[in-house]
Amino acid sequence: MLGGSYYWLDLTALGRQEEWEEPEGRADSARAAHPDFAD
Amino acid sequence: MSLPKVTSPEKWRSARIELLAEEKEMTRARDALSTKRRELPMVEIDEDYVFEGPGGNASLLDLFEGRLQLIVGHFMFDPSWDDGCSSCSAGADEVSDGLLEHLHARDTSFTYVSRAPLAKIEDYKARKGWTFSWYSSYGSDFNYDFHVTMDESVAPIEYNYRTAEDHKRAGTAYYFAGEQPSEQPGTSCFCATASTSFTPIPPTAAAPRCSAAPTTGWT
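Which chain is which? The protein sequence lines are S and L, in order. Those letters in the first sequence? Residues 330 to 368, per the numbering used here, in order. Those letters in the second sequence? Residues 14 to 232, per the numbering used here, in order.
Since the hints were made in silico from the structure, they are not lab data. Check before you lean on any hint, since a few could be wrong.
As the list claims (entries may be wrong) - Chain L regions said to be covered by chain S (calculated; three or more residues, Cβ under 8 angstroms):
id, segment
1, 44-52
2, 64-71
3, 75-89
The beta carbon of each residue, even a glycine, is placed where N, CA and C say it ideally should be.
Just chain S, same shape as in the assembly:
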């Protein structure tokens, strides 16, 4: 089931921003990416 705000938040850099968003073993950390313009 996917709808409502999850659909939109999944498109953003921060994702759903829920602690339980990605249960262990299902996907890597949602916060693994950091905006960095140094490159």
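We have chain S already, so just place chain L on it with the hints.
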């Protein structure tokens, strides 16, 4: 269309459990894909786009309304049209106050942007009874830069991150077969940054940065 056959509770349960395994597989694949999308690099926006909204001219950062993230729905509305795209309108009908409240709670704003002049947008919005934010990008490069208006006389055309030449090679040049300019749907996500971290900043902060995070289109 035929209805599903009727069976015993035991057989139904067995079939349902079998399908559940496929559903879970798809859920996990979608989660993993969303993670990869989130981890795409971002591009700094250094163009000073000017939009027009009910409050007058606005910058891209103004569209954040003080929140950290911004989702822009590219609503297809050519300046020569009197009504917006019917398919985009169907999606817009589902943008409720409740949905926006949930996005705002995640420090995320949502707005539509169209190339039509504001007067046409306001007229159509009123007729549809919509209350969400909707800006005009009329006269700016915004739609061309984000490849939701295709007009070779203005900028090289691109659809879903592939050039016209890419599409010719792939046999999908029909995307460009119609008259130009042509409008395309899509969603662009932005993140406001003051430095190199996710630090919320007010729209008036000095030297703010606007970054495009994942930008999505249609496959």
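Original post:
Hint by hint, which ones does this structure get wrong, listed from lowest number up?
Top reply: Hint 2 alone not satisfied by this model.
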